[in-house]
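Enquirer: So you can see what is in the structure, the chains are spelled out below.
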Amino acid sequence: MKLRMNLVLLALAAVLLFFLPDLLKLFFDKASVSYLSLLINATSLAILALSWDILARTGQLSLAHAAFFGAGAYSTAILVKQTDVSLWLGLPLAALSAVLLALLLGSVTLQLRGIYFAIATLSFAEVLKAVIQKLPSSLAGGAAGINVEPLFRPQFIAGEMERWEIAFLRNESYFLLYAGLLLATIVLSLLIESSSLSYAFSAIRTNEEVAAVMGVKAARFKLLAFVLSSMPVGILGAIQAHRIGSVSPDETFNVGTTVLALVTPIFGGLYTSLGPILGALGLASIEEFLRRTFSEGYLIGYGIVLVLSILFMPKGIMGLLRSLRKAQRESL
Amino acid sequence: MSLLKVSRLSKQFGGLNAVQNLSFSVEEGMIFAIIGPNGAGKTTTLNMLSGLLTPTSGTIALNGQDITQLTAAARCHLGLGRAFQVVQPFPEMTVEENVMVGALFGARQSKQLALNQTHAVLEQTGLLRLKDTSADDLTLLQEKRLEIARALATHPSLLLLDEVMAGLRPKEAQEAVELIKTVNTSGVTIIFIEHVMPVVRDLADQVLVMDYGTPIAEGSYHEVTQNPQVIQAYLGTDEDAA
Amino acid sequence: MDLTLLLQGILSGILASGLYALVSVGLALAIGVIGIVNFAHGEFFMVGAFLAYQLFISFGFDPVLSLFFVAPALFILGALIYRSSIQFVLKAPELNQMLLTFGIGIILQNLALVIWGGDPRSISNVPYRSIGYQVGGVSIGLVPLASFLISIFIVAGLYFVLLKTPLGRAMRAVAQNRTGASLVGLEVNRIYLLAFALSAALAGLGGVMIAVIQSPTPVVGFAFTLKAFAIVVLAGLGNIRGILGASLLVALAESLVATLVPDGDSLRNAVFFAIIFVVLIVRSRRQA
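Protein chains in written order, with the numbering used here: chain A, 4 to 335; chain B, 24 to 265; chain C, 4 to 291.
Because the hints were derived from the structure by calculation, they are not lab data. Remember, predicted model here, so these are calculated numbers, not experimental data.
Just so you have them, the derived chain A footprint on chain C, three or more residues with Cβ under 8 Å: (1) 88-98; (2) 113-120; (3) 220-232; (4) 259-273; (5) 280-287.
The C-beta atom is built at its ideal place from N, Cα and C for all residues, glycine as well.
Just chain A, with the same shape it has in the complex (with noise of 0.2 Å):
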């Protein structure tokens, strides 16, 4: 009933995703394309963040989202390196190579919790990227990385387009794809939300043992729930590799893509659908804010938005939007 509601609403904002570009363009003309590239930015923030959700909605706290991106990321650089195929197989591997990184990973963590568990997920990331910096460098271009084909060729006349107009093409496709991702990370996580697979992820999340006696095969939905979680990251690497236009260690594999699949969901609101992409447009937005009105130094300015967003919304946006509803109704 509520998921159909929600299907109908996705369906309606999908719609919407497709004719955005158009309609930015309608009305900012030039400025457009940098109001595309905030939109993917914050799409594949959103991406990052929800799927993180759906793992952590079974207690596993992961630090390793990173090692998922790089492994899609650097699947496709490799196959479409070695390989004459068609670029865009490049994401059924990534979300296979993801999978299996998970499932490997999923499954020798079992036994571990809380911190521990995220610490042992970090560490497993950073001896993946030093293994994909100490491969043949042939194979995966060592410390350097390698060069990664764009997935678009926007087609122009020379002369007859300026150059903004062939920039807009370029980020209008990409978004289309990063907007097609997210609406499919979305009835992913909305599926979740009203199977029953929603009360077993809650139950062992909140209490493992009394999970198991009341029949929960805790080991299973736990390494479920990291299959779900890794697969649109992995495919969002692969796009990003292609967007980007290259991969390395050090960029691909970059910690700081762990730290914000889970600083996002935090913001805008644990264990929902909503709340990751709330603040994932809330914190996107707030950055480029930031970026263009100090310049430098502008992070400092998002730093004490964390800090105050956890002293005054501690549930995240979320949270809030529930406080807010619940004096509305009591005031009625």
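Fit chains B and C to the supplied structure of chain A, relying on the hints for placement.
Expert: Relative to chain A, chains B and C alone:
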């Protein structure tokens, strides 16, 4: 054949023998009590039965099947339910959702059937009107009822209850006793740990007394309370008293 | 295998473990006593390094002298941060604490970037930086040796405080009994404040030494946060005594790989985290 057969069960923590050479069996339909002073190894025994602890040695058989090596979830699927001493509801869920976990994953049924069964169990345990309350907001008695409701929802043939009376007022304890009796009449065999002796007297068909990890007596309530070893264990020896 | 090289590796490892222990023991204090998951810990270390650098540039302070200025400065910084934010999230979920302290870390790091820029800075022209001793083919730098001794001295001092003084007893009591049956709320809060400030000061002292040994940039802090966390987790949460052993293990492994394996220097991080990973996994399997 007994429903549950425990043979020469032992558990060591480091050098400490928490449970030593414990054997007993429970017949179907029975209410079976395990009593003993603090530290006698009662909860450790229950943890081994439900699969939260692996025994150092010995075997546990349910319906003739050896379950010693099975996980807690697998044992639940074979009909072993468990309510905890320290009530541990999932605080972020409502009462209904708490029970749903057991109905979905313990009794392994579709969402619609699980919901029906959840409502039946909530009715039976007197929690139906609280179904949408957050488990965080319950009183102690309601929490204990929820603890039992969750275990019942897993569809157990054998229910393990760990001191469900602790902290209840006499009138509330009486209500809980009635609840346990109803559950038993509906066909569920029960093993319970208890400190409150009148409750043991009212409920138990058979009583096992443990002290320092070993069984010291087994029989009817009347038999074990007359046993000199049991009296000594409860009152302490003269040296202890001094 | 070259025996001299092996000895060199072992010795460098032992010397490096002191600094690891100093930084990690502060974090262990924050986690063990206060129960706060502090992701800004490495930034205290970074601030210590750059304060020492600034004292050297502006006033020509010798780093050894700076120790006596940096420790109280970081103590005050820690106390201010505790009062203004940490004390409000003591009972909040771990994830909230992570985000809050992470935000504090971002603020400190970017303030440092604004003040000192992104280039590596070092206190390089102190006369004793180049002094070294040769013992049977193995070389020992004075600076690593001194930093090891100072670190161990401070860590030993902390152990002494924890075990033998009333303040230490209070800290251990608070750590073991969060409900604080015998302590009034005000007092608990004061002990938390002291523990957090002390934890920042310890990291700051480590920073002073890194400014002489290496050439840190303002972004060095987060890497040290992660390493300190790894060491604390390796020792076991709340096990402050285990820090020395855990630091020695990872420092030795890092150093042996760096000296014995060709191109091993680039593998330092990998070895560090590989050990943490393997130990955590093996330990969790054995317990199950």
